[in-house]
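As given, the protein sequences belong to chains A and B, one line each in that order. Numbers in my numbering are just positions in the first sequence, counted from 1, shifted up by 65. Numbers in my numbering are just positions in the second sequence, counted from 1, shifted up by 1001.
None of the hints are false.
Incomplete in silico selection of chain B near chain A, CB under 7 Å: (1) 1076; (2) 1077; (3) 1078; (4) 1080; (5) 1082; (6) 1083; (7) 1084; (8) 1086; (9) 1088; (10) 1090; (11) 1091; (12) 1092; (13) 1094; (14) 1095; (15) 1096.
These are computed hints drawn from the structure, not numbers from a lab. Positions of the beta carbon are idealized from the N, C-alpha and C atoms, including for glycine.
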Amino acid sequence: MAEAAGVAAEFFASNRARAARAVLDQVVLPGEELLLPEQEDGEGPGGAGERPLRLNAGARSRVRVVCGPGLRRCGDRLLVTKCGRLRHREPGGGGGGVYWVDSQQKRYVPVKGDHVIGIVTAKSGDIFKVDVGGSEPASLSYLAFEGATKRNRPNVQVGDLIYGQFVVANKDMEPEMVCIDSCGRANGMGVIGQDGLLFKVTLGLIRKLLAPDCEILQEVGKLYPLEIVFGMNGRIWVKAKTIQQTLILANILEACEHMTADQRKQIFSRLAES
Amino acid sequence: MRGGPSGGARRRAGLSMAAEHKTKLSKNLLRMKFMQRGLDSETKKQLEEEEKKIISEEHWYLDLPELKEKESFIIEEQSFLLCEDLLYGRMSFRGFNPEVEKLMLQMNAKNKEEVVEDETVELDVSDEEMARRYETLVGTIGKKFAKKRDRANYEEDENGDIKPVKAKKMFLKPQD
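So here's chain A without its partners, still in its complex pose (with noise of 0.2 Å):
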């Protein structure tokens, strides 16, 4: 909070932009501007001397960069709408790299291309109201699903839970999902079992278990059989043998966001003796 609250006053006592380079990894705040690396060099105080003289100063060599969520371009620079640390990716290929801001909500609002768990609502001639978290319901075509004509409907009703992806999502439409990829495969998509237990996280729980390092995930596995579905609206699905062993991995899941390492390994080994 100290280190927050200090950034802030700099901010203020300065209004300058900075280089998104020297932030990285740091609390950014809405409505700060981060300028790109290749601006630096007229701003900085010791810019001039360090960069090496080019045949033609005026045009650059421009690499295309991409500002991903939290952050928003604002002519040349990027300019931070959510409060949160900025992060950065190298690509593997092409130009430039990923900046985002990574912040903590619960809220989701839909975006196209995430794999998502929703509930069907209703159903409409040939259409599924499906619930996704969002302002509104998505529509889900009865067509998109794996093997479906019109002849050959799908076995969904009313309170289903469905695993699909958004394929229109902005602000000014429906969004609409499908359960099938663009090849026209399931893909694991499409209505999600019987039993289990659906419950709620914050959006920043899901990446962080999502991530391909997460050693939560790793000895979770380990204690015994289970299913789980990740939807990125902060929805997971659980499955076990019993119904304890599934209120077990829900409470572990849920409670995994506030703990610490130790605290987690401490309660893992405590589970795996009983």
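Please arrange chain B on chain A, whose structure you already have, making use of the hints.
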């Protein structure tokens, strides 16, 4: 003898036609292909330009000054998929759901782009021999389906090779 009312009308029409010498043909009629064969290439071009003008005048356009679009080097994306490498959302552990476990391997391997080395398959038949066989095969099968007239094209040489197919005589459209 009276020709009747129709006779009288024809005579009258004939007189009036002779007096006018030109009958006014409509624009659509003039635009038809058979009416344009007699025109020069220049008149044809003029007619085409006039048509284009008519079409482009009918199109609506915004009467705004030309705004130069600045090329932006920053792309806005709202999705986290680009930022972080996230695993596939469905998971199963210790064999609870074997299909999901198979899917996990498939999807996570796709994300990490594991390159499967292409195993070079050893050829049983070499390429040259394959080409030779195919060449003769095309002729033999073609002969089977060719009509009587076309079979003449498949006459065999002294060596037994099939002669190249002659160009067929097609219907030539008469020049104007």
